[in-house]
Each structure stands twice: as structure tokens, then as C-alpha cells.
Amino acid sequence: MMATNVRITDIVEETPSTKTFFLDASLDYIPGQYVMVWIHGVDEIPMSLSYPNAITVQKVGDATSALFKLKAGDRIGVRGPLGNGFVLKGKSILLVGGGVGTAPLAPLAEKAKNKNISVKALIGAKTDRELLFVERFEKSGDISIATDDGSRGYKGTIIEVVSKLDLQEFEGIYSCGPERMMSQVLNIAKNTGMTRMAQFSLHRYIKCGIGVCGSCCIDPSGLRVCRDGPVFNGEQLMDSEFGKYMRDGSGRRILI
Amino acid sequence: MNLTTNLTGLELKNPTILAAGILGTTAASLKRVMQGGAGAVVTKSIGSAPRTGHPGPVVTEREYSILNAMGLPNPSYREFVSELALAKGDVPVIVSIFGANASEFQEVARGLNDAEPDGFELNVSCPHANGYGASIASNPDAIRETTEAVKDAVEVPVWVKLAPLTNIVEMGLAAQKGGADAVVAINTVPAMAIDIESGFPLLGNKVGGISGPAIKPIALKCVYELYSALNIDVIGVGGITNWRDAIEFIMAGAKAVQIGSAVYNDIGVFKDISDGVARHLKENRRSLKSIRGVAHK
Numbered sequence: 001m002m003a004t005n006v007r008i009t010d011i012v013e014e015t016p017s018t019k020t021f022f023l024d025a026s027l028d029y030i031p032g033q034y035v036m037v038w039i040h041g042v043d044e045i046p047m048s049l050s051y052p053n054a055i056t057v058q059k060v061g062d063a064t065s066a067l068f069k070l071k072a073g074d075r076i077g078v079r080g081p082l083g084n085g086f087v088l089k090g091k092s093i094l095l096v097g098g099g100v101g102t103a104p105l106a107p108l109a110e111k112a113k114n115k116n117i118s119v120k121a122l123i124g125a126k127t128d129r130e131l132l133f134v135e136r137f138e139k140s141g142d143i144s145i146a147t148d149d150g151s152r153g154y155k156g157t158i159i160e161v162v163s164k165l166d167l168q169e170f171e172g173i174y175s176c177g178p179e180r181m182m183s184q185v186l187n188i189a190k191n192t193g194m195t196r197m198a199q200f201s202l203h204r205y206i207k208c209g210i211g212v213c214g215s216c217c218i219d220p221s222g223l224r225v226c227r228d229g230p231v232f233n234g235e236q237l238m239d240s241e242f243g244k245y246m247r248d249g250s251g252r253r254i255l256i
Numbered sequence: 001m002n003l004t005t006n007l008t009g010l011e012l013k014n015p016t017i018l019a020a021g022i023l024g025t026t027a028a029s030l031k032r033v034m035q036g037g038a039g040a041v042v043t044k045s046i047g048s049a050p051r052t053g054h055p056g057p058v059v060t061e062r063e064y065s066i067l068n069a070m071g072l073p074n075p076s077y078r079e080f081v082s083e084l085a086l087a088k089g090d091v092p093v094i095v096s097i098f099g100a101n102a103s104e105f106q107e108v109a110r111g112l113n114d115a116e117p118d119g120f121e122l123n124v125s126c127p128h129a130n131g132y133g134a135s136i137a138s139n140p141d142a143i144r145e146t147t148e149a150v151k152d153a154v155e156v157p158v159w160v161k162l163a164p165l166t167n168i169v170e171m172g173l174a175a176q177k178g179g180a181d182a183v184v185a186i187n188t189v190p191a192m193a194i195d196i197e198s199g200f201p202l203l204g205n206k207v208g209g210i211s212g213p214a215i216k217p218i219a220l221k222c223v224y225e226l227y228s229a230l231n232i233d234v235i236g237v238g239g240i241t242n243w244r245d246a247i248e249f250i251m252a253g254a255k256a257v258q259i260g261s262a263v264y265n266d267i268g269v270f271k272d273i274s275d276g277v278a279r280h281l282k283e284n285r286r287s288l289k290s291i292r293g294v295a296h297k
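First to last, the sequence lines map onto chains A and B. Numbered per our numbering, the first sequence spans residues 1 to 256. Numbered per our numbering, the second sequence spans residues 1 to 297.
Mixed in with the good hints there might be a few duds.
[Stated by the list, open to error] Listed next, the in silico BS3-like pairs over lysine-lysine satisfying Cα-Cα at most 30 Å (straight line):
1) A/Lys244 x A/Lys164
2) B/Lys221 x B/Lys297
3) A/Lys244 x B/Lys88
4) B/Lys177 x B/Lys221
5) B/Lys206 x A/Lys71
6) B/Lys13 x B/Lys289
7) A/Lys113 x A/Lys69
8) A/Lys59 x B/Lys206
9) B/Lys13 x B/Lys177
10) B/Lys206 x A/Lys69
11) A/Lys59 x A/Lys139
12) A/Lys126 x A/Lys113
Since the hints were derived computationally from the structure, they do not count as laboratory data. Predicted, not measured: the structure shown is a model, and the values here were computed from it.
Extracted from the complex, chain A is given alone in its bound form (with noise of 0.2 Å):
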């Protein structure tokens, strides 16, 4: 697949460090697939699609930083959808985001309403000002918050909200956001035998994108995060390198 131009129609300031980028092109996408992002002159960097015609972006580095200076009516290159998304099943699920990891599990909110299914999304973040769609969220179902310093919802980690949920009310549980809040949920889904119905979305260095070049293939399986996941059941993961270290651009290993 080669990368396609596109025009950057609006930037939305969700939060004071994440923006979303709306774009020219509409995407045939599940969601959880991402697009590779080329910044032209800068570098390429996966990002997970919001909407089909958007990506949210977080500025964390070099490449995200050029992506924050551009502005309505520039270009930039877009590869993909690339890899697979979220599987949808059953008629009540769970969402559990966070941070800017949220992105993702807006859209999978809006398909499982428009297919009938019950959405329980919990969105957690550091302060109520870093919280990421509420409302769409909101208008999907039901959803709780929590927020670090308490400034909006329960005064904690989303964790310690799913964890005074009854989990087998629901059939599905579908994760995004930072790895440790990430390998905790697949703690309490193995625990209430749910590690299959569990579905999490793994950040790796993702170079190619098309499962060519290694980078971010996860031990001990060998599977390539960027094309047989990102998003991944949490049978896939037990036993894995998840939530205990990935790997940076040369293959060192940093622990999570």
C-alpha cells in the first residue's frame, strides 16, 4: 500500500496536549486499525484512527511536534488502515482507556451502539482538562470517569473503578492506554476467566508497518504488533513480554 496525500481540513484542540486532525479523506476502517502519518521531510509515525477522517495526536516527540505545527490546508501522507482492529461481540461490553489512548475506543463506542450493543466505557487521565470524548462516550452509552487529582469523576486510577465492577456482566472487555494500566486490566480479566473476551491495543516501535522489518514483534510469540495486532486478546498476551518491557528503535529493551 502506498502512502496517499491528503489535505488537513481542521484541527480540533481536544485537550491542552492532544489535538485531532481532520482530514480530506474518509477511511474504510475498523477501529483500533491506525494509518502510518508521513510528516513530510520529518518522519513517518503510526497513529490509531479516531474517526474515519481523523487521527488524534498527543505531541511527544520530534515527528509529533512538526504534526502540531501544521495547519488547515497542509498535506501530510497517510498509509493504511493498517493491521487489525477491535473485534466486536456480544451485546454488553466494557471499555477501559486511557490517557490519549482513549483515541481508538471512541469510534468502537459508536459502532457498538449503532449495532445494539451496551457500552460501559471507564476513561481515566491524569486531570479533568487531559479527559479525551467524554461525549462521545457519553452519547454511546454509559460511562464512568476517573482523573488522578480527582478534579472530575472517582479520585484514582480507572483501575481501582473496574475493580468494583461484577465483570461477568459483561462479554467483552476492550483496553487502550498506557501499558501498566493495560496489563492490570489483563490481571483482572484472567482472574474472572475472561483473558479470551479481552482485547487491548499494543503500543510498540512500529517502523514499516507491513510486517517486513521486526521492530515491533513482542516475545515470546513473535507476533508483529503492527500487522497481526495492534490490537491483541489477552490470550495472545498472558506469558508475554506485555506489560513488562518493549523494545526502543535499535531492539534494547526498556522496561515498562
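Since chain A is already given, all that's left is putting chain B on it; use the hints.
For chain B alone, kept in the frame of chain A given last:
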């Protein structure tokens, strides 16, 4: 049908090998390819210091080919020792190494010795990393010196991976003179692509190397010429995606074939190719040995 192949003293259950640079940074990804039926695997190229490689895009797909400029990302030999130890086992693991000169190649090879790789492949031909590969690729003296330096440092077989668009026979003879156990032909062909809308080259590094079916005829000619001129084994690589391609390379003189880009279509391509080769040989009542080099008529 028996496809076992003795390649530079290594026993391969079949003559398909994972090419360098594809997957291969971690033991887990190498193991996954082994499960896909490869007779041996070559790691990503390992050097003396950690490198993250070039900025993206690092690949762009073209009709019949993949254009890449990864930029030799690797964790350095010091970090890779533990990974290599984990990868060892089912089939021979060959470590691809690179360096700026003969002594750096030797340092990397020495550093990896403790993890006991089954062999080394010298990447003297990466087309898109400044100071590495390409500067040695067309210099027969540098190829001979590099090969000698690594041979002096290790006890296992040493393969030398050659670049196209050079006098490849002269380079192959230089590797042979330096003591190489085999030559591997070819590395990707220097190439580029430009996005006509933005005017930017489509690779972050601007230029890169092309692989896949587009380069198969180029690789085949190189293998054919090397087989005629050299006394050591020739390993063919470049655009092999099915068993017919593999047979073609063997008929040109290759003792084994490496597969890279075809992993894009199917990570289990190794089994498909060796099954196809076995079926073809059985149907025609031939052996691998009997068809090797038959195109030299």
C-alpha cells in the same frame, strides 16, 4: 523427497533461508520464521553500537517490490548476545554483521562469538547507510581484508553478501580469496521513489534499496556468473517468492536461497517453497544436486 543441504558445513533440512534484515531483530521473531519452515535464518545486521536507523518512511511499496531504507537499526552486538543465545536451537542461526572497516567487522564478530552463532554473514553491501556497506561493496581489497579479518576471529562458516551494480565476479573472487565459505548474491538494488504531489522523496533517507520480484532477474544473473567463476558455494537471494523462483536460482547454480520480501505476503512462505521444490523434484525424478547449475549449458 530429501531436501537436506550441506551448506558450508551446516546441515540444512531444506535450502530456504530467511534473508538478513527481514524480522530477525529478536529471538522470538526468528523462532517464528523457523516455525514457518526455514532451513536456516539470518539475523538483522548487527554492528558495534546501537542504532535506531533512518527517519521514516523506511519502506514504500511499489508494484512487485518493496523499497526500503531502514538504516541498519540494531541493538549492538553487546545487547544482541543474549538474544542470539535465545534464538539458537532448531535450525542454524547466521548472524549478519556490519562495520565501517575490517577491524570493526572483526570486533563485532568476536563480540558475538560467545553466543555461538552457527555462522556469520558479512553485510558489505547495504546500499543506504553512510560509511557502511556501500563503501566496501565495490572495493575488492576491502572485501578480501574484511573477510580475512572475520575468518581470523571465528571458527564458524563465513558468508559474504555481495552488492549488485558492481563487478560482482571480481568481488566474489575477492571474498573467496579472503577465505569466505560462501557468497550471498544479491543485496537490494540502490533505488528511490518520489512523491509527485509533495515533491518529497518517498523514503526518509531519500534513497534506499529495492527488493522483491522486480530484482529477481538481476539477482539470477549475478548468481549465474558467480557460480561459473567461484569454487565456493553461492547462495541466491533477490525476489524469490515461490518454488519456481527457487528452482530457477538452483539451476543458475545456487546451493540455497534466501527469502526476504516474500515474507510480506506470507510468513510461512518457507514451507510453501520447500514443499513446492520437493514436489517438483519428485515429479521429475530429480534431486537438488542434479539440477544445480544445469543452466550452464
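Does A/Lys164 sit within 30 Å of A/Lys244, going by the straight-line distance between their CA atoms?
holds, 25 Å
Does B/Lys206 pair with A/Lys71 here, judged by a C-alpha cut-off of 30 Å?
Within the cut-off at roughly 25 Å; holds.
Please verify whether A/Lys59 and B/Lys206 have alpha carbons no more than 30 Å apart.
Distance ~26 Å between A/Lys59 and B/Lys206 Cα, so the pair holds.
Would the pair B/Lys177 and B/Lys221 pass a check requiring their Cα atoms to be no farther apart than 30 Å?
Given pair B/Lys177, B/Lys221 holds - Cα atoms ~22 Å apart, limit 30 Å.
Just to be careful, I want the Cα atoms of B/Lys13 and B/Lys177 compared with a cutoff of 30 Å; is the pair within it?
holds, 29 Å
Are the Cα positions of A/Lys59 and A/Lys139 separated by 30 Å at most?
Satisfied, since the Cα-Cα distance of roughly 27 Å is no more than 30 Å.
Within a Cα-Cα threshold of 30 Å, do A/Lys113 and A/Lys69 meet the stated pairing?
violated, 35 Å
B/Lys221 and B/Lys297 were given as a pair; does the straight-line alpha-carbon distance stay at or below 30 Å?
Measuring from Cα to Cα gives roughly 14 Å; hence the hint holds.
Would you check the hint for B/Lys13 and B/Lys289, treating anything up to 30 Å between C-alpha atoms as holding?
Distance ~14 Å between B/Lys13 and B/Lys289 Cα, so the pair holds.
Check the hint pairing A/Lys126 with A/Lys113 against an upper bound of 30 Å on the C-alpha distance.
With a Cα-Cα distance of about 27 Å, the restraint between A/Lys126 and A/Lys113 holds, given a limit of 30 Å.
Taking 30 Å as the top limit, are the C-alpha atoms of A/Lys244 and B/Lys88 close enough?
holds, 23 Å
30 Å limit on alpha-carbon distance, applied to hinted pair B/Lys206 and A/Lys69:
Roughly 23 Å separates the two Cα atoms, so the pair holds.
When the structure is compared with the earlier hints, a violation turns up for hint 7 alone.
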